[in-house]
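**Student:** Once you've looked at the hints, dock chain B against the given chain A.
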Amino acid sequence: MRRRPSRYLLVRVLAETVVPEETFRLLLTESILKLLGEAGLAEIDPRLFNWNENASTGIVKCTRDSVEKLRASISMISGSPEKPMCAYVRAVSGTSKGLKTKESWHSGQDQATKS
Amino acid sequence: MRKFADLHVKLPDMSDEFLKRLGQLAKDMGLSLLGVVVSQSIDQSQVNRIRNVFSAIGVDVAFRVDLYPRSREQLLKDLRRVRKRFEIVAVECRSPRVATVAFRDRRVDIVSFPVKNRMKFSRSIARLHRGSLEIDVAQLVSTGELTRHFVLSRLRNEVSTAKTNHVPIVLSSGADNLFVLRAPREVAALGTLLGLEVAEALDSVSLIPLAIIEQNRAKLSPEYITVGVKLAKVKSNA
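Protein chains in written order, with this note's numbering: chain A, 329 to 443; chain B, 188 to 425.
One or more of the hints may lead you astray.
[Said to hold, decoys possible] List time: in silico DMTMM-like cross-link candidates among lysine to aspartate or glutamate, alpha-carbon distance up to 25 Å: (1) K425/A / D215/B; (2) K303/B / E410/A; (3) K264/B / D253/B; (4) K411/A / E204/B; (5) K307/B / D265/B; (6) K406/B / D253/B; (7) K411/A / D363/B; (8) K214/B / E396/A; (9) K411/A / E332/B; (10) K197/B / D215/B; (11) K214/B / E401/B.
[To be verified] From the derived model, a few chain A residues whose C-beta atoms are all more than 12 Å from chain B: (12) T357; (13) P374; (14) L376; (15) I387; (16) L427.
[Said to hold, decoys possible] Non-contacting residues of chain A with respect to chain B, defined by C-beta distances greater than 12 Å in every case (computed): (17) M329; (18) R340; (19) V346; (20) E350; (21) L354; (22) E381; (23) N382; (24) S403; (25) G407; (26) S424; (27) G426; (28) T429.
If you are wondering where the hints come from, they were derived from the structure by calculation, not from laboratory data.
Note that the coordinates shown come from a computational prediction; the quantities given were computed from them, not determined experimentally.
C-beta: ideal position from N, C-alpha, C; glycine also.
Same shape as in the complex, but just chain A:
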């Protein structure tokens, strides 16, 4: 069987406190489930990896045809009234390596070292 083509999204979270990887994974899954349901979650098939807690950035892998749906779900992440947050996509690439070589990844790393 042919492998499904994927896309890799560099996601950054803006929050007042540090966001652990597991928290963001849960928020992302909840957001997709709430907006698109289980069928949507299965279609997107998100995988979060390379999470940098200090810079609050990570890479989310999804299927190629579901990038727009994943973007919409990411934009719905708002945290709670006590701990507001927002997430946004900084770059999209066909490979995770391509994403890491992009300037946006390095600037995220820079901010992490500064803070």
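**Tutor:** For chain B alone, kept in the frame of chain A given last:
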């Protein structure tokens, strides 16, 4: 490369520090123009200060005034007062009479029908259009007492009516703090959920809002005389 704009950002804090954070975040998200809501009584020194803070970061800023008229007469009075001072004039419609005038008057750039209000964007109003319809995604992000499916349904109906009647749609974040600001491509992605094609959704966060600003800046320039007429050259006496 596409330039993106968010025409509806409210400023809860006017301090330089907050404006810098907002500008940096907007730039990081890929926005090149922010439409910031200011009060009608803002003075020129404040305007210059805000503009300088944003331009140092590399983000263009347009000043917007939101009108909430209760009657047709109040709307016309407000329009006379603000039109020549602000780059964007937006009207939040709460009654059919206000909506009819707001949509027909060319001094109004943007008209919105917040979901929390009972007033809906109907076909009869859409037919009169001269301005653009604005949809704030903040309504979807924090729905308050309303359920998200209800908000989605109302916004989908608005988009459908607008598309049928060729009303330009502007998608904005409607942010009132840093955490509600959304990246333009994410806003466009939400637009596709509301029934827009990908290209239409991208135009709603780039071409359409930028065209409104360009047109209004031309109108506010001293060379502008009337539609299609502008001062090209002044004969010097010397």
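**Student:** Hey, is E381/A genuinely clear of chain B, shortest beta carbon separation above 12 Å?
**Tutor:** holds (18 Å)
**Student:** Between K411/A and D363/B, does the CA-CA distance stay at or below 25 Å?
**Tutor:** holds (16 Å)
**Student:** Holds or violated: K214/B with E396/A, Cα cutoff 25 Å?
**Tutor:** holds (21 Å)
**Student:** Taking only the CA atoms, is the gap from K303/B to E410/A under or equal to 25 Å?
**Tutor:** Roughly 23 Å separates the two Cα atoms, so the pair holds.
**Student:** Take a quick look at L427/A and tell me if its Cβ sits farther than 12 Å from every Cβ on chain B, holds or violated.
**Tutor:** holds (16 Å)
**Student:** Are all beta-carbon distances from N382/A to chain B longer than 12 Å?
**Tutor:** The claim holds: N382/A sits with its nearest Cβ about 16 Å from chain B, beyond 12 Å.
**Student:** Does D265/B sit within 25 Å of K307/B, going by the straight-line distance between their CA atoms?
**Tutor:** holds (23 Å)
**Student:** Examine each Cβ of chain B, and state whether all of them lie more than 12 Å from the Cβ of T357/A.
**Tutor:** At about 17 Å from chain B, T357/A clears the 12 Å cut-off, so the statement holds.
**Student:** Would you check whether the claim that I387/A is not at the interface survives, using Cβ distances to chain B and the 12 Å cut-off?
**Tutor:** The claim stands: I387/A keeps its Cβ more than 12 Å from every Cβ of chain B (closest is about 16 Å).
**Student:** Does the alpha-carbon distance linking K406/B and D253/B stay inside the 25 Å limit?
**Tutor:** holds (19 Å)
**Student:** Checking the smallest CB distance to chain B, is S424/A really beyond 12 Å?
**Tutor:** holds (19 Å)
**Student:** Sort out whether D253/B lies within 25 Å of K264/B, counting only the CA atoms.
**Tutor:** Holds. K264/B to D253/B sits at ~14 Å (cutoff 25 Å).
In the structure shown, a violation is registered for the earlier hints numbered 18, 24 and 25, in ascending order.
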